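Peer 1: Whenever a hint applies, use it, and build me the whole structure from the sequences.
These protein sequence lines are chains A and B, in that order.
Heads up: the first sequence runs through residues 5 to 231, numbered per the working numbering.
Heads up: the second sequence runs through residues -10 to 402, numbered per the working numbering.
Accuracy of the hints is not assured; some may be wrong.
Below, a list of computed lysine-lysine pairs in the BS3-like style, where the Cα atoms sit at most 27 Å apart [what the hints assert, rightly or not]: (1) B:K320 to A:K120; (2) B:K320 to A:K123; (3) B:K77 to A:K122.
Note that these hints are calculated values from the structure, not bench results.
Please read all numbers here as calculations on a predicted model, not as lab measurements.
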Amino acid sequence: MTDTPLISLVDVTKTYHLESGDFTALDHVSLDILENDFVAIMGPSGSGKSTMMNQLGILDVPTTGTLSISGRNVATMTNQERTHLRRDAIGYIFQKFYLIPLLSAYENVEYPLILKYKKRDTTGRASALLDAVGIGKEMGAHRPNQLSGGQQQRVAIARALVNDPKILLCDEPTGNLDRKTGFQIMDILCGLHKEGKTVILVTHDPKIAEYAHRTIRLEDGRIAEPS
Amino acid sequence: MSDIFFNLSVRSVRLNFLRSILASIGIVIGVVAISTMGMLGTNMQLQVKDELASSANTIVITADAVRMGPPGMGTSSSTSSSASGITKTQLNKIRTAVGSNGSVIPLYSTNTQFTSGNVPARGMIYGMDPDDVTKFLKVGNGTNIASINEALVGYTLAESLNVGVGDKITISSASSGPPSNSSSSASRATIKIVGIIDPRGTVADSVTTDNGIVVSKEWYTAQYGGKDHYTQVNVIAGDTDKITEIEDAIDAKLNTDAKTPAVRISDASSQLDTISSTLETLTMFILAIGGISLLVAAVSIFNVMMMSVNERVQEIGILLSIGTETGEVRKMFVYEALILGILGAGIGGVMSLVIGYSVVSAMMGTTAFFFLPASLIYIPEGMLVGMVVCVISGLYPAWRASNMDPIDALRSD
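Peer 2: This is the structure we're talking about:
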């Protein structure tokens, strides 16, 4: 771990302009996340967790303030540069898995590699990752709707890892799973953290948050209790 | 194809196969409509061109209409007719002007009455050198004229008079009483039929033999007089590209006085141009009607593509959030529209061949020109137009998909 923040939020505000008036989802938030950190972001509904995730995942840019990843201000990047950064530096794990329904489990894992290298995977990386998360070759040929929730989340983890990103962004990764499977998924994430990944976990489940090394609580768009 | 976006498009079409096929039916109908209409128009053009082609290499020279009267009328209109027509001097100038670029065929002609048994008929009688006959007429049954008392009869006239080779036909001399070397046979002369001329159809050389008769020039002048004053001179060019050159040469030799030209020179090309231009306009018109069905198909494809985009909003959100570029999402939907186009154009192409053949056969009675490249080209052209229409219809849906906000797209269920 180094002391240089991998992700830095400086006085970040995100305001949505709605018909009913402006709504500030993040209100002057400052936060540093270091490399190989394991951070849990918690908070009640409407506290700004999802907005925070969208900012950290550079799916959105701040209204004011600065968000930097590896020292680069994302607001000054072009759309294409942000797309490439999402593809190469961030692995997404969603509550609803969000696998591509038209592709097989294997193809879902292979997809980010194809985006990056513009060719099919000949290195065996996609297969190896599927094996590592406990999805065999036969299972890999199945479409997402033929897999259980736990299996789909394993495939999603393999997909998130395939381009070897520094950051794993996990949005309620156990939210749609039974308790036992949820803990299995958390064990996989802990293992990845030990291998050097920076894991950011959004959850409302204190048991799951206990896996993180530090917890950030959000309330009304502000950081309430940094730990 | 290893392109993952093409694979995704193929799978999306497969997933909604029935809907895709139904949308493609519009393209099928459009491709069939424009291909069939195009082929029909072209086949009509080709048929007319073919009919005129037999005389397309022919230049017709007549004495100038203003001073001499129209061809075919000069020799029979009055006793002063000996002064009308193309003179021997003019003929020689024409021969000089043409040189080795073509054949010069001088001929006499007039309108007269024929009788066989008690059946009368009217038509043209042509007098020419027997050696010139085979240069532009085809004797289908019998032989060419060999002696002065022999004649060739046109196909239609032979049928209407019910005569054949070996029969005799009575020809009225001019009603005004043209000069004749035999007073007893001055008004009616009988001649033996030695051959039947094949049908010529539409011709541009003013020699309409289908309902006429061809005799030797000696017999003609013996009956109607006017020796060495030809009704018209036809020049058959060896090369159609040289027609203008030959016409200019004849014009320069004969029409020395620009104000009062001695002869009128015409050819089939201007007639062909007019007919071709008319038929091309007609073809374009019926193609436009076919194009309307493609417009309807475009709306149908657009609709299906919008449905596809709306049904896959969350999938688009996933693709964009994990690092797919907007251009790649756009490409995926354009591929999908193209697949619908290929599907519709493929089926439409095969159906165009069958339906086009049937329509051309039913409307024209012949498919002689159907398999010519100029006709068949409408099938790939129609298919290409169908595919282009599909791609164009898919552009806006593709653009809409690629410009979605990934956060909003992911939230949609």
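Peer 1: Could you work out which earlier hints the structure fails to respect and list their numbers in ascending sequence?
Peer 2: 3
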